[in-house]
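Novice: Protein chains in written order, with the working numbering: chain A, 1 to 230; chain B, 1001 to 1230; chain C, 2001 to 2219; chain D, 3001 to 3219.
These are computed hints drawn from the structure, not numbers from a lab. None of these values were measured; they are calculated from a predicted model. Warning: the hint list may mix true and false statements.
Covered stretches of chain D (in silico footprint by chain A; criterion: 3 or more residues with CB under 8 angstroms from a CB of chain A, positions within the stretch not fixed) [to be verified]:
1) 3159 to 3165
2) 3198 to 3204
3) 3209 to 3215
Cross-link-like lysine-lysine pairs, in silico, DSS-like; alpha carbons within 25 angstroms at most [stated by the list, open to error]:
4) C:2016 - C:2066
5) D:3160 - D:3133
6) D:3185 - D:3217
7) D:3185 - D:3045
8) A:86 - C:2160
9) D:3066 - D:3133
10) C:2045 - C:2089
11) D:3066 - B:1086
12) C:2016 - B:1153
13) D:3071 - D:3089
14) D:3016 - A:153
15) D:3071 - D:3133
16) D:3045 - D:3016
17) B:1016 - B:1169
18) C:2133 - C:2160
19) B:1153 - C:2185
20) D:3045 - A:153
21) C:2066 - A:86
22) D:3045 - D:3066
23) D:3045 - B:1086
24) C:2016 - C:2071
25) D:3066 - C:2133
26) D:3133 - D:3016
Here's a subset of chain D near chain B, in silico, CB distances under 8 angstroms, partners left out [to be verified]:
27) 3009
28) 3029
29) 3072
Every residue, glycine too, gets a C-beta built ideally from N, C-alpha and C.
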Amino acid sequence: MSAQTNSQASIQTSDKPLGREQLAELVARDIAPGSFVNLGIGQPTLVSNYLKPEQNITLHTENGMLGMGPEAEGDDIDGDLINAGKIPVTELPGASYFHHADSFAIMRGGHLDICVLGAFQVSATGDLANWHTGAPDAIPAVGGAMDLATGAKDVFVMMTLLTRDGASKIVEACTYPLTGVGCVTRVYTDKAVFLTGPDGVTVRETFGCTFEELQELVPVPLKAAAAVVG
Amino acid sequence: MSAQTNSQASIQTSDKPLGREQLAELVARDIAPGSFVNLGIGQPTLVSNYLKPEQNITLHTENGMLGMGPEAEGDDIDGDLINAGKIPVTELPGASYFHHADSFAIMRGGHLDICVLGAFQVSATGDLANWHTGAPDAIPAVGGAMDLATGAKDVFVMMTLLTRDGASKIVEACTYPLTGVGCVTRVYTDKAVFLTGPDGVTVRETFGCTFEELQELVPVPLKAAAAVVG
Amino acid sequence: MLTFVDSVNEAVSGIKDGSTVMIGGFGNAGQPFELIDALMACGAKDLTVVNNNAGQGDQGLALLIKEGRVKKMICSFPRQSDSWHFDAKFHAGEIELELVPQGNLAERIRAAGAGIGGFFTPTGYGTMLAEGKETRIIDGRGQVFEMPIHADVALIKALKADGVGNLVYRKTARNFGPIMAAAAKHTVVQVSEIVPTGGLDPENIVTPGIYVNSIVKVA
Amino acid sequence: MLTFVDSVNEAVSGIKDGSTVMIGGFGNAGQPFELIDALMACGAKDLTVVNNNAGQGDQGLALLIKEGRVKKMICSFPRQSDSWHFDAKFHAGEIELELVPQGNLAERIRAAGAGIGGFFTPTGYGTMLAEGKETRIIDGRGQVFEMPIHADVALIKALKADGVGNLVYRKTARNFGPIMAAAAKHTVVQVSEIVPTGGLDPENIVTPGIYVNSIVKVA
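Looking at chain A on its own, in the form it has when it is part of the complex:
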């Protein structure tokens, strides 16, 4: 019991919850050197600001490019060079262009090391819901979300842990329509980093709360990361 208490204490790595930028910086730091990565639209795009040149990360955009550079500004803006969010971007040395089927073959064939996505909900077994609120009058739009969720070797989710109403977005089973089944491997939130998989949810670290406080917020049983326990 005291060992567990120790473990719970030791995984709190920050006194405060992380902000969006801090979270992006953390995700960037966790991406292994040499990885091929797709950053989803919205919050995941922030990660690119914190990737270091020595990490040698190659960014993929599903509209047909590897080796995507930063957002284009001023004279560099070229209407033929955009990312999946339709924002003008730049091309890095070593870039390549390909058509949509070849681009999605990269995703679907399991060649991307990591994709980073936003989410409405993630289940205890890694199911992802991030494309559709399920509201009867909502016009559904899926884009490449299901291909990324299903195809990448690792699917990282970035989100706040709680909804505006204070409900946990990590849930026993998703109530929103699914994007993919059992696909999420890691969840980065303002309050903790979770590892998800067939064995359930493991907490790697917490921010501004203890393991026990976190467990109070999340309606699925949590484990503390074994590596940190020792």
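Got chain A sorted already, so can you dock chains B, C and D onto it with the hints?
Specialist: Chains B, C and D only, in chain A's frame:
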């Protein structure tokens, strides 16, 4: 009956059976201007010698090229530029190269107007047997034959009508292993040109024999081409 | 048979009421704006349109939808901040939507061009977009059966064409062009430049001329 | 992870007994002769080899077969005038043959790289090569179900690589290279030239570096 006799007489367009070169010339003449064509290994390759520049025919080779030119000679021989028969060829202006899946997509997707193939047998309904003798000790080798037979809009066969033993290669049902089912649309032989399809076998023209003499040789009911009857 | 035509109106003249029309482009990149305008002008209706989106703002595909000329959209991302014409038609029940994950859209278009009768993919398995579709477990993964998407006509944009219809594209404007060109019975291409045959390197052709039927140069 | 290695022997060191190895090339064009020689030298046995043919003459793949290192061949055209080593092993019942129509071979390799679980194709329907396989009628055509072909290692030849592993090929030597690179867990490429990153036009890359693991320059 006399109308039929007339028709039978009128479709004899040559006093003698055609030789291999004459047959190749006839096939070449029958290919519509602007067509995309794949010529199989062996006798069909001869057709390329009789294509006229004004026909504007584009040749495809399944190992990854459109716009193939004549066989290469002397200094033009380049080990990286070969046809499906592994013979050095040349490149014409407007040529393009692509990988094997893209090349077979051209064939399998129905984009070739015509392929010309050799055959062991063709059935009354256009089944093709041209890849395997079926002998128990034979090592089977199929290459692209099934893809061509199944994919091209029109499949022309070039062969002698009779085997060395005098048996018709146009048969009620193939006894050799099939390459494709109901795929052959036209058969060019030394003794006649046949149109094949779901409605049976129609004789377009005969060489060195009458319709009746031809029917004696071929064990399936023949019709004379309606267009020639008039 | 390849023809070079003088006007976009002539280029789209083969599009009839009830045609299935693929339209290239992702965002504005690769969108054949002038051909879409010509499609608007030609009057064809009851169209099934295949595009990644369902029109934006008050132009192009959005206008075609507004005017009630599109019976059905096959797309992956119809909802955008300025997709008000589609939104209105959809809520009024006046347009049919087949929503397809973007990778399935691309692969189904590719399958049509490559003569594939259908394929299994993990994308969409276990989601509402697989409802009513055949599924099976292959190598331990749930997979969904998807069918090819064929079209009567494709309208696409390329950078250059040569005299035999070989095409090259520019940057991410390539997107759906090459696969739509192969999937349609009749492919219409607007290009910025026409070069003599032999003017494009055979190693760098992205769409071979066999897939191209009509080319029009747009200034 | 991409590495540039100094020798072909080092390049093939990941090949183990029982590996499935794809070997590029059609005829001599695109054949990675030096990598095949290194595979011969490394001693790995019980191999499954995927190649269009089954070796010719007394070199390369033919030697590997002669030495009994190949348990199974997956190919479209094993019988050639000089395929005597394969012929002998086959007649002695010492090698297994999976004969695949060439287009199915290419499409199955492509499917592996693209994450397709299987597909239906008209090629082979009604023939002995469809015996025992699932079939169905789609749009009035008989079709056969074919599964992807994955590999542990691909050995291919390209013309040039840049510093991030992007590849370009030369003429019909391109053939199986791009699809095998995508279908294997580990892709080894022999190239004639290595150019600095940025030295290949992004529009003209045929195999993006994401598919490449080891590059060796062969004089």
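Novice: It remains to establish, for every hint, whether it holds in the given structure.
Specialist: These are the hints, each one checked on the structure:
1. Here the stretch 3159 to 3165 of chain D counts 3 residues with a CB under 8 angstroms from a CB of chain A, which clears the bar of 3, and the coverage holds.
2. By the rule of at least three residues with a Cβ nearer than 8 angstroms to a Cβ of chain A, the coverage given for the stretch 3198 to 3204 of chain D holds, with 3 such residues.
3. For the stretch 3209 to 3215 of chain D, the proposed coverage by chain A is satisfied: 3 residues have a C-beta within less than 8 angstroms of a C-beta in that chain, meeting the threshold of three.
4. Taken as a hint, the residue 2016 (chain C) and residue 2066 (chain C) pair is honoured in the structure, with Cα atoms around 19 angstroms apart against an allowance of 25 angstroms.
5. Restraint check for residue 3160 (chain D) and residue 3133 (chain D): the C-alpha separation of about 40 angstroms exceeds 25 angstroms, so the hint is violated.
6. Between residue 3185 (chain D) and residue 3217 (chain D) the CA atoms are separated by roughly 21 angstroms; this keeps the pair inside 25 angstroms, and the hint holds.
7. Restraint check: the Cα-Cα separation between residue 3185 (chain D) and residue 3045 (chain D) comes to about 19 angstroms, which is no more than 25 angstroms; the hinted pair holds.
8. Taking the CA atoms of residue 86 (chain A) and residue 2160 (chain C), the gap is near 23 angstroms; set against the 25 angstroms cutoff, the hint holds.
9. Using a Cα cut-off of 25 angstroms, the hinted pair residue 3066 (chain D) and residue 3133 (chain D) is violated, with the two alpha carbons roughly 31 angstroms apart.
10. The straight-line distance between the Cα atoms of residue 2045 (chain C) and residue 2089 (chain C) is roughly 15 angstroms, inside the 25 angstroms bound, and the hint therefore holds.
11. Of the supplied pair hints, the one linking residue 3066 (chain D) and residue 1086 (chain B) holds, its CA atoms being roughly 23 angstroms apart against a limit of 25 angstroms.
12. For the proposed pair residue 2016 (chain C) and residue 1153 (chain B), the alpha carbon gap of about 24 angstroms is at most 25 angstroms, so the pair holds.
13. Distance check on the hinted pair: residue 3071 (chain D) and residue 3089 (chain D) sit about 10 angstroms apart at the alpha-carbon level, within 25 angstroms; holds.
14. Distance restraint check for residue 3016 (chain D) and residue 153 (chain A): the Cα-Cα separation of roughly 24 angstroms lies within the 25 angstroms cut-off, and the hinted pair is therefore satisfied.
15. The straight-line distance between the Cα atoms of residue 3071 (chain D) and residue 3133 (chain D) is roughly 23 angstroms, inside the 25 angstroms bound, and the hint therefore holds.
16. For the hint linking residue 3045 (chain D) to residue 3016 (chain D), the alpha-carbon distance of about 7 angstroms falls within 25 angstroms, and the restraint holds.
17. Proposed proximity of residue 1016 (chain B) and residue 1169 (chain B) is supported: the alpha carbons are some 19 angstroms apart, at most 25 angstroms.
18. At roughly 40 angstroms between alpha-carbon atoms, residue 2133 (chain C) and residue 2160 (chain C) are farther apart than 25 angstroms, so this suggested pair is violated.
19. Distance check on the hinted pair: residue 1153 (chain B) and residue 2185 (chain C) sit about 13 angstroms apart at the alpha-carbon level, within 25 angstroms; holds.
20. Proximity of residue 3045 (chain D) to residue 153 (chain A) is assessed by CA-CA distance (about 30 angstroms); at most 25 angstroms being required, the pair is judged violated.
21. Between the alpha carbons of residue 2066 (chain C) and residue 86 (chain A) the distance comes to roughly 23 angstroms, so the proposed pair stays at or under 25 angstroms and holds.
22. Of the supplied pair hints, the one linking residue 3045 (chain D) and residue 3066 (chain D) holds, its CA atoms being roughly 12 angstroms apart against a limit of 25 angstroms.
23. A threshold of 25 angstroms between alpha carbons decides the hint, and for residue 3045 (chain D) with residue 1086 (chain B) the separation of about 29 angstroms lies outside it, so the pair is violated.
24. For the hint linking residue 2016 (chain C) to residue 2071 (chain C), the alpha-carbon distance of about 13 angstroms falls within 25 angstroms, and the restraint holds.
25. Distance hint between residue 3066 (chain D) and residue 2133 (chain C) is unfulfilled; the C-alpha atoms sit about 48 angstroms from each other, more than 25 angstroms.
26. Pair hint residue 3133 (chain D) plus residue 3016 (chain D) does not hold up; C-alpha atoms about 30 angstroms apart against a cutoff of 25 angstroms.
27. Among the interface hints, the one on residue 3009 (chain D) is violated; its C-beta lies about 25 angstroms from the nearest C-beta in chain B, farther than the 8 angstroms criterion.
28. For residue 3029 (chain D), the shortest C-beta to C-beta distance to chain B is roughly 5 angstroms, which falls under 8 angstroms, so the interface hint holds.
29. The interface hint given for residue 3072 (chain D) is violated, since its Cβ lies 15 angstroms from the closest Cβ of chain B, which is over the 8 angstroms cut-off.
The structure fails to meet hints 5, 9, 18, 20, 23, 25, 26, 27 and 29 from the earlier list, while all remaining hints are met.
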